[in-house]
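Build the full structure now, drawing on both the sequences and the hints.
Note that the protein sequences, when read in sequence, are chains A and B. Residue numbering for the first sequence follows the numbering used here, beginning at 224 and increasing consecutively. Residue numbering for the second sequence follows the numbering used here, beginning at 31 and increasing consecutively.
Because the hints were derived from the structure by calculation, they are not lab data. All figures in this text were calculated on a predicted structure; none of them were measured in a lab. Every residue, glycine too, gets a C-beta built ideally from N, C-alpha and C. What you were told as hints is all true, and nothing was included just to trick you.
Here are the simulated SDA-like cross-link-like pairs (lysine to any residue), alpha carbons at most 20 angstroms apart as the crow flies:
| no. | chain 1 | residue 1 | chain 2 | residue 2 |
| --- | --- | --- | --- | --- |
| 1 | A | Lys608 | B | Glu194 |
| 2 | A | Lys608 | B | Phe237 |
| 3 | A | Lys608 | B | Thr285 |
| 4 | A | Lys427 | B | Gly238 |
| 5 | B | Lys367 | A | Thr521 |
| 6 | A | Lys608 | B | Asp283 |
| 7 | A | Lys608 | B | Ser246 |
Okay, the calculated beta carbon distance ranges per label pair:
| no. | chain 1 | residue 1 | chain 2 | residue 2 | range |
| --- | --- | --- | --- | --- | --- |
| 8 | B | Leu280 | A | Val338 | 56 to 64 angstroms |
| 9 | A | Pro801 | B | Ser370 | 30 to 38 angstroms |
| 10 | A | Glu331 | B | Pro252 | 53 to 61 angstroms |
| 11 | A | Ala519 | B | Leu330 | 29 to 37 angstroms |
Chain by chain, the residues:
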Amino acid sequence: MVNKTFPLVIAAMFALLLTTGAMRVNAQDTTQSSLKNRPNILLIVADDMGYSDLGSYGGEINTPVLDQLAQQGMRYTDFYVSPTCSVTRSMLLSGTDNHVAGLGNMGELNAPNQVGNPGYEGVLNKRVASVAELLQDNGYHTYMAGKWHLGLKPDQFPHARGFERDFSTLVGGGDHFDDGWNVEWQIPKMPYTEDGRPIKKLPKGFYSTKNYTDKTIQFIEEGRKDGKPFFAYMAYTAPHGPLQLPDDWLRRYKNRYDEGWDGIRLQRLARMQELGIIDKDANSADRLFFLPRSTAFTPAVRVMQGRKMELYAGMVEYMDEQIGRVFDYLKEIDEYGNTVVIFISDNGAEGNDLVRMVSGQPGSFGYLHAMNHFAESGHNSLGRKGTFAEYGPLWAQVSMAPFRAYKGWVAEGGIRSPLIVSGPGVKGAGGLNKKAVLHVMDIAPTILELAGVQHPDTYKGRDIEPMQGKSWVGMLNGNTQSPRGPSDWLGWELFGNRAIRQGGWKISWLYEPFGTEDWQLFNLTEDPGEQYDLSDKFPKKRKELIALWDEYVKTNGVIIGARSPFEQASKQLPNRVPEFDDYPPVRGIEAVPYKKLIELMSGGTEDKE
Amino acid sequence: MKSINRHARLPAIFTTMAILLSYSGTVLAVDDGARAYWKGRDGTTVVSFQYLNLNMQASDAKQFAPNQYIYPNADTEANVMIANWARHMTLFNRPSSLSVNLVAGSVELDASASLDSRFVPPGQTAGTAFSQSSSGYADPSVQIDINLVGTSKLVSTVDLMNYEPTWTVDAAVMLGVPIGEYDEDKLVNMGLNRWYGRLALPIKYHFGVFSPGYMSSFEITPSVWIFTENDDFLGQDLENDPLWQIEAHLTQDFTPTFFGSLDLLYRSGFQSEIDGTDVGDDVDIGDFGFTLNFQSTDNLMIRTSYSSNVFGDNDIDNSLLRIQFVYAWHPLSENQKKLSKGH
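Next comes the structure, spelled out in structure tokens:
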């Protein structure tokens with residue numbers, strides 16, 4: 224009996240083993256096969272780049288790579304971010320509201336009554352799982368190069384939050400060269416990490432945009448042998464101030480912006496209309512009320528101000544060229560066709576005086592820091608090491624055309640960003656979507672859906688918050704025009720400024736003088752420049768949106784700060800008065816075209832400047 | 031607020047831009063000096079005053095250079111004051127300058143007993159040592175310089191703001207007018223008693239950042255001096271071959287208001303002929319020196335330099351010490367100062 228049954232048992236066991244083994248093999252095969260079928264994700268974030276800078280959004284800056292990306296994919300007009308960078312990044316990586324993810328306020332600017340409260344940790348908190356963590360756990364290579372700004376401690380580093388390879392600066396901004404000076408005196412040198420370890424010294428010849436690109440290519444190349452897809456997060460620090468460029472790029476736009484901010488802005492608005500980015504009858508924002516008309520200034524002033532814009536434009540084009548290097552590399556390794564590319568900016572263009580904000584008053588440490596490392600200001604020095612050029616509100620309003628205000632504010636000029644999505648599954652090549660109202664916290668759920676990854680309720684044994692963002696996949700593949708319906712709404716709060724958008728309506732509460740320190744109601748469809756407060760005309764709508772604001776506060780645990788960097792704005796800026804194109808009247812030489820003016824100033828007249 | 035602050039900086043920028051480039055204007059005493067051919071804004075006027083002390087000891091048969099006599103077996107010391115006026119302007123759509131030198135001072139000579147008899151002035155006995163001196167005005171000179179390559183006209187502030195030179199080439203023509211003090215019975219004189227001139231080709235290469243505190247340059251100026259005949263040199267005819275000269279400077283900003291320069295001056299040629307007979311050899315003098323230049327106000331610059339011969343003929347020792355004050359202004363920058371003081 225034994226003799227008869229034993230071979231059967233052995234055979235059965237062997238068969239079982241084979242079957243089990245085969246299932247395992249099959250399961251592994253399935254995983255690898257599945258992984259191979261999943262797209263790579265390349266998420267590119269510009270830093271402080273404006274809405275209308277790219278050629279595909281109406282800008283005169285030469286951005287052929289991103290323009291071509293737009294031709295291959297889709298552009299979206301109503302994509303929203305936060306008014307500042309770390310806040311946006313928290314939502315980008317978590318898929319939920321910044322007040323939930325730990326950046327209820329920028330960590331550097333938490334108000335006394337916000338400190339210690341959930342959602343105000345100042346870092347990407349553990350109530351959320353980052354999209355990198357989830358992708359890493361589901362078979363993706365996860366790479367990051369560039370700006371993190373979501374935590375300075377080892378357990379907050381990119382490596383600790385899901386990026387297997389990284390080359391990151393942990394802070395918000397500073398030197399683009401190997402000197403690596405931080406804008407903040409408290410941390411004089413920008414802390415960098417590589418693969419989770421702090422870097423003591425940047426390589427000689429370092430230039431941020433170039434090296435971040437190098438690292439991204441290096442990471443992909445070193446990881447591609449196993450056939451797993453990658454998620455690469457290219458968080459460029461361009462064109463964040465200081466506006467700095469390699470020497471051979473410094474004069475790339477020489478004299479391009481000498482004619483002044485008004486002319487360039489008008490040209491952009493015209494191109495935006497041609498491209499369909501804005502409607503021909505839509506109301507654009509006026510020149511910011513505290514800024515002068517460019518024709519009121521002599522050519523020399525325009526040249527001086529124009530040089531800053533030259534540097535900015537150079538940084539944007541340089542970034543575009545470097546992005547092209549990544550695309551070329553992906554084509555070379557035959558992965559471009561399997562890569563979904565998402566390009567955004569992190570907030571509105573920078574119109575604040577960052578140097579002044581961080582350097583403070585003479586005698587302070589901040590001032591000493593600025594004296595030591597950012598004092599150089601010669602006209603021909605700007606853009607080099609040791610300089611801290613910013614282009615200020617004059618040009619920020621150009622970059623944010625047709626919108627009002629700039630970085631830091633929840634007016635459209637602070638929170639609108641270009642958005643280009645291209646790659647497998649993105650239908651409508653070269654198209655422009657003006658129907659969808661999109662938000663940066665949509666990106667994480669979109670990436671997860673593209674990767675076939677479910678967002679869990681718990682992560683590593685802790686409960687995590689659900690994502691509030693909505694996946695775009697249905698929109699990208701052409702099934703829907705927008706992930707949001709007419710009743711869906713979005714909310715913002717930062718530095719005490721607050722806003723709600725639902726459909727084409729928006730209410731905002733802004734500190735004076737950008738706002739009235741009361742709720743204002745705008746119809747963004749007709750008035751993207753937020754010029755006409757319709758509160759009196761549509762009190763019911765205003766009330767409805769205020770109710771949504773209350774819901775937003777409750778849902779996300781918003782705490783209005785007891786202090787705000789903008790609480791004194793009304794004392795620093797002149798009172799807002801109505802702007803009229805023809806007031807004061809343009810007369811005499813002020814009406815002379817710029818080129819003719821230059822001829823007059825450079826000889827043949829007694830009126831030499 | 032920011033824009034208001036930034037605009038408030040404009041007066042300072044304009045002033046700097048207007049003056050910064052204007053500290054040029056040739057000296058024409060011995061050499062032109064460092065940054066002599068840097069361009070100024072059209073309409074900038076530069077007035078300089080300099081004191082030079084020249085010491086020359088020659089133990090063998092030597093010739094003389096313009097305004098500095100080097101006689102064989104004689105020691106010479108000259109104390110010279112030079113007033114220079116220069117005006118930056120635009121000629122043929124190129125940045126140019128016109129400068130005028132007035133030179134005055136004194137020169138003393140101690141001749142040894144072995145002085146060549148042809149150099150012994152009336153009243154002195156050949157074979158005996160003697161001393162002689164002269165003082166008064168030397169020959170004034172005028173020079174025009176025009177840029178040929180590398181610099182567009184500098185008329186407006188915009189032109190200055192766009193000015194970032196690399197290679198520049200100028201042409202300069204100088205003419206000396208023989209109206210200085212001259213005594214045909216003296217071996218040493220302040221004037222040369224003959225027309226003379228110089229053709230120069232100043233070449234510069236600007237490297238580094240063309241911004242105050244970072245400017246650097248390599249400058250080389252080949253030139254040739256040409257002299258007519260002095261028909262009354264101790265009763266004899268004196269003729270000279272052309273004097274070939276190369277002047278070079280390596281300049282570097284230390285701060286926005288302070289720069290230094292290493293200076294080189296080499297001269298050769300200038301064979302003398304008295305009454306048709308060659309006297310001595312060609313000049314072969316190579317001087318090396320340095321310059322320190324401090325801009326004390328928007329308008330005023332103080333410069334000092336020293337040089338001495340370190341190569342060339344071993345039988346000569348010379349040294350040159352210079353202190354110079356330069357004052358420059360442009361009507362716009364002066365008016366700007368007036369405005370900033372209010373009415």
